[in-house]
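These protein sequences, in sequence, are chains A and B. Per our numbering, residue 1 is the first one in the first sequence, and the count goes up by one each step. Per our numbering, residue 338 is the first one in the second sequence, and the count goes up by one each step.
Everything labelled a hint here was simulated from the structure, so no lab data went into it. From a predicted model like this one, the values you see are computed outputs, not experimental measurements. Glycine is no exception: its CB is placed at the ideal position from the N, C-alpha and C atoms. You may find that some hints are simply not true.
To be verified - Short, incomplete list of chain B residues facing chain A, as computed with Cβ under 10 Å:
#  : residue
1  : A363
2  : D370
3  : G372
4  : K373
5  : L375
6  : Q397
7  : I449
8  : Y486
9  : G490
10 : D503
11 : A508
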Amino acid sequence: MLIKLPKSSDCNESDVTPESVYFSRRSVLGASLAGFALGALPVLGQAAEPSRYADVEAGSTPGWFKDKLGATRWQAVTVKDEAITPFKDATHYNNFYEFGPDKGDPAANAGSLKTEPWSVVVDGEVGKPGRYALEDFVKPLQLEERIYRLRCVEAWSMVIPWLGFPLSEVLKQVEPTSKARYVRFETLQDPKSMPGQRSGFALIDWPYVEGLRLDEAMNPLAILAVGMYGRELPNQNGAPLRVVVPWKYGFKSIKSIVRISLVAEQPQTTWQGLAPSEYGFYANVNPQVDHPRWSQARERRLPSGLFSPNVRTTQMFNGYEDEVASLYSGLDLRKNY
Amino acid sequence: MRYPWFRLAIFIIGCLFPAWWLYEAAMNLLGPDPGKILVDRLGLGALVFLLVTLGMSPLQRLTGWGGWIVARRQLGLWCFAYIVLHMTAYMVFILGLDWGQLGVELRKRPYIIVGVLAFLGLLALAVTSNRYSQRRLGARWKKLHKLVYVILGLGLLHFLWIVRSDLQEWAIYAGVGALLMVMRVPPVWRRVPRLIGRRA
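Put together the whole structure using the sequences plus the hints.
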């Protein structure tokens, strides 16, 4: 039996465009041609919506999302020479403890989440507090596709094409006051649709809370995502609205947001409250600072096959050092992990 | 050899699980991170074999059937075999055969240290599981093999320290383990009734 273990300096097989993506260039072309052809048939033409990515399952797309999709800035940010994780893996290997502790639980259980209608409460140090319907909240904004690395604190990683809006633009809309120094986010609490919140053994104190320093939230890389792989977010990935901060561990990218508060004090976040020695407020991806229980120096880039394990070196700030390092000048990242 | 079919059935079950998991991994049925899943399943499989092994004496007591005790050694050896596979899979799929990193993990991570201690205990029991050792060690053999309860405790602690957010699964295994341990406390053990069987 041959077990291939690449040296860290080697090019990984995953750096190569996957065969399925390579082959699907024709289906993308073909599908768009088919779209033209079908366009000639007045009724059938409406059903032909070619996906930009291979093997993407269609969901029930909300009307406001369809309206925005046409004007999307595709590939506004991309990763260089890194393969995008297959849709199936990105949607069936998730941590979303509201739907259960196992990686497959969110995909199996999140169907019960009702994402329409959805509203977001904005409060705290803002000029325009209130409860906003999601479609109104994002109405003035243009969708952008951001292809980001996602590094989980558990030492696995993916590359995901998100669709969303710069968080800074969303926050500017609600006019933070001069007292606002942090942003606090809260996930939906609904034990009826979220079986993990019904578990008597869960260590998490619901609802899930995350936070960012205001200048972190204003960094152009930080987004509020509403879609991925050219479609709306699947429920298990945090529908209908989630944060994506690619230079931080995945748990900072809070899902299914119902409340955004601008606050003066650093908010107490869920994992920090649960195990302060393991999870800090900043949670920046940092290969030099280990999680007490495991090393953060390397990561398994998924999919990582049994006979070709795809283990690679973790990059400082997950490879976004140029964009974000200045946020932390003068801060001891060992203490502020 | 007594109860040959029962023994053979246990042997086949012990072989089938890893073979099935390997097949699933090869067929891409385990998702994007099959190595991690194999490590987890092998560890959990070893814990299950350990609990089943410890369940044999109480089962014999409750039912009076001698087959349970006959199967005990083989079940214990399956626990050991799964732990060897568990550690091999950890070395290959999680550490990528980086032996230097293994040294770091062994020094820095309490859950790894506890796991290795449990493995060393199992190794001692596996090495002395033959008739020759039983004869040579005599009364000390029984004492040595009480180590199995320490190993169970270490294994459960190793498992507890990996839990991130939900204790339910761990609590089930720990509950079964605690029950089996409590049953063997002499005053409790004396009161365990014979449910089926001739001698009352």
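Hint-by-hint comparison with the structure:
no.	hint	result
1	A363	7 Å, holds
2	D370	5 Å, holds
3	G372	6 Å, holds
4	K373	7 Å, holds
5	L375	7 Å, holds
6	Q397	33 Å, violated
7	I449	9 Å, holds
8	Y486	25 Å, violated
9	G490	19 Å, violated
10	D503	4 Å, holds
11	A508	6 Å, holds
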